[in-house]
Amino acid sequence: MIPERLRRDNMEVQQIMTKLDEMKVVYPDTQVKEAVRIMLSANLTELPVIDKDGIFQGELNMRSIICEALPPYIVDGSLKNVNFSPGLFKFEDKLKDLMLAEVRLVMKQNIRTITPSISTFGAVTLFSISGDETVYIVEKDGRLVGAVSISVIFKRLVVSLNS
Numbered sequence: 027m028i029p030e031r032l033r034r035d036n037m038e039v040q041q042i043m044t045k046l047d048e049m050k051v052v053y054p055d056t057q058v059k060e061a062v063r064i065m066l067s068a069n070l071t072e073l074p075v076i077d078k079d080g081i082f083q084g085e086l087n088m089r090s091i092i093c094e095a096l097p098p099y100i101v102d103g104s105l106k107n108v109n110f111s112p113g114l115f116k117f118e119d120k121l122k123d124l125m126l127a128e129v130r131l132v133m134k135q136n137i138r139t140i141t142p143s144i145s146t147f148g149a150v151t152l153f154s155i156s157g158d159e160t161v162y163i164v165e166k167d168g169r170l171v172g173a174v175s176i177s178v179i180f181k182r183l184v185v186s187l188n189s
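Once you know that position 92 of the sequence shown is 118 in this note's numbering, the rest is easy, because the numbers rise by one and skip nothing.
Please keep in mind that the hints were generated in silico from the structure rather than gathered at the bench.
Think of the CB as a built atom: it goes at the ideal place given N, C-alpha and C, for glycine as much as any other residue.
Any given hint could turn out to be false.
Stated by the list, open to error - Taking CB as the label site, the calculated pair distances span: (1) Arg138 to Leu70: 10 to 20 Å; (2) Pro97 to Gln135: 20 to 30 Å; (3) Lys166 to Ala68: 20 to 30 Å; (4) Gly157 to Ile81: 17 to 27 Å; (5) Asn188 to Thr44: 18 to 28 Å; (6) Asp79 to Lys116: 34 to 44 Å.
Using the sequences and the accompanying hints, generate a full structural model.
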């Protein structure tokens, strides 16, 4: 018989994920300002992007919006002293313009995903490699079915250690 602790440690992410119907999502043609409104009202830093059929397209996050508004030489680290940059006004103007753009122009598309049957250990491994806080759970046909955060898995591991 497998000890209870080992069974919990080998749990599949589908058992602890946030399911799609509990998540906030946006579409590629959603205006960025609407996506930002959703993020701010729900205290989120990122949103999954799906098409009308539920196929995962990518992620919109606050970092990608800010980076899109900044000049490339700041984002890539070429400018070592931001005191020599064009200034906050150009950044604010670009940010204002981005609010009117569609999510598809700002979202990250090369997002690592996992399937629902991956173990929590597999998800932990992905978190350690990617540095992401959330991983999206996608069926083989590309449909988004949920997400799991590193904090949910970490909490589960700590509770498991204490039992």
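Hints, verified against the model:
Restraint check, Arg138 to Leu70: a C-beta distance of roughly 19 Å satisfies the suggested window 10 to 20 Å. Checked against the given bound of 20 to 30 Å, the beta carbons of Pro97 and Gln135, roughly 22 Å apart, stay inside it. Between Lys166 and Ala68 the beta carbon distance is about 29 Å. The supplied range of 20 to 30 Å therefore holds. One distance hint, 17 to 27 Å for the beta-carbon pair Gly157 and Ile81, holds here, with the actual separation near 25 Å.
Remark: the range hint 18 to 28 Å for Asn188 to Thr44 is upheld by a beta-carbon distance near 23 Å. Checked against the hint of 34 to 44 Å, the pair Asp79 and Lys116 passes, with Cβ atoms roughly 39 Å apart.
Comparing the model with each earlier hint shows no violations; every hint is respected.
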